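**Student:** Quick note on the working numbering: the sequence shown kicks off at 1 and runs consecutively.
It should be emphasised that the hints constitute simulated quantities derived from the structure, not laboratory data.
The structure presented is a predicted model; accordingly, all values stated were derived computationally and were not measured.
There could be a bad hint or two in this list.
Straight-line distance between alpha carbons at most 25 angstroms, and here's what the computed DSS-like set of lysine-lysine pairs gives [to be verified]:
1) K54 - K18
2) K245 - K54
3) K104 - K165
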Amino acid sequence: MRIFTVSDLHVDYPENLKWVLELPSDEFAQDVLILPGDVSDSLELLKSTFEVLKSRFGEVLYVPGNHELWVDGTEFECSLEKFHAVMALCQASGVETNVFTAGKLSIVPLLSWYDFSFGEPCAYLKRAWRDFKACRWPAQLQTPVQVCEFFLQRNTAVLETVNDKIISFSHFLPRIDVMPSRIPAHRRRVYPVLGSAALDAQVKRLNSNIHIYGHSHVNQSVVIDDIHYINNAYAYPKENRIARKRLHCVFDTDKERDCLIEAAAAGGSLNHGAA
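Working from the sequences, and respecting the hints, build out all of it.
**Tutor:** If you want it as structure tokens, here you go:
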């Protein structure tokens with residue numbers, strides 16, 4: 001059984017949806033797909049994408065991204081209500097949102113948000129970041145910090161998962177130093193909304209061997225503090241220089257090996273910086 005990942009499919013773009021629809025129908029039937037969020041803000045598109053991926057892979061594991069929780073122009077009054085609708089859709093579609101275990105391997109989904117632990121948002125980001133307008137939260141979750149704490153608290157039970165190999169995954173970044181140093185200063189303005197340092201504390205508590213994330217659209221493969229952090233985003237159509245735009249195998253249970261570390265040892269180029 002092979003473990004593949006791809007994040008940030010953004011199937012609202014026809015080019016991206018076409019790629020999903022053209023995935024081979026018989027190549028991955030025994031394999032697992034980790035899908036770390038930002039498939040679509042449309043529940044209809046999310047449902048149809050789940051149906052396609054479930055027909056291609058043996059298992060599909062998922063956590064929602066920020067796009068899934070946009071509620072402007074929808075029937076949902078708040079993003080928390082939509083979150084519950086997305087999770088119900090996963091259950092109805094056979095998409096796994098709980099811990100998945102196969103022998104000596106456990107794959108652990110971690111919910112998250114951003115809490116400005118990577119920096120304070122500037123005036124530009126406050127104006128431009130769509131979440132600030134497209135997401136609406138109930139009274140008890142009025143700040144990103146409160147939203148992040150809410151989701152992190154929901155992870156408490158899965159943090160007790162123990163196995164020989166642990167792969168965890170989230171939509172948001174667990175630490176900002178996974179971003180390549182070559183990112184130009186003007187693009188670092190989005191760093192405050194990329195993730196949460198508290199999420200990395202949960203990754204470490206799990207003793208994860210591999211942690212997969214999405215959201216930044218900057219593909220990455222880097223080992224920090226003995227944890228292999230991986231981002232394999234499909235991203236927006238024009239983001240060809242920072243995204244691989246293909247599935248990536250991160251682990252093979254039959255051979256009990258980390259595919260990406262093995263590729264790196266063979267001289268493969270796995271680190272993709274920003275334009």
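**Student:** Now look at each hint and say whether the structure bears it out.
**Tutor:** Okay, the hints, checked on the actual structure:
1. K54 - K18: Roughly 16 angstroms between the alpha carbons, so the hint for K54 and K18 holds.
2. K245 - K54: Measuring from Cα to Cα gives roughly 19 angstroms; hence the hint holds.
3. K104 - K165: 6 angstroms, holds
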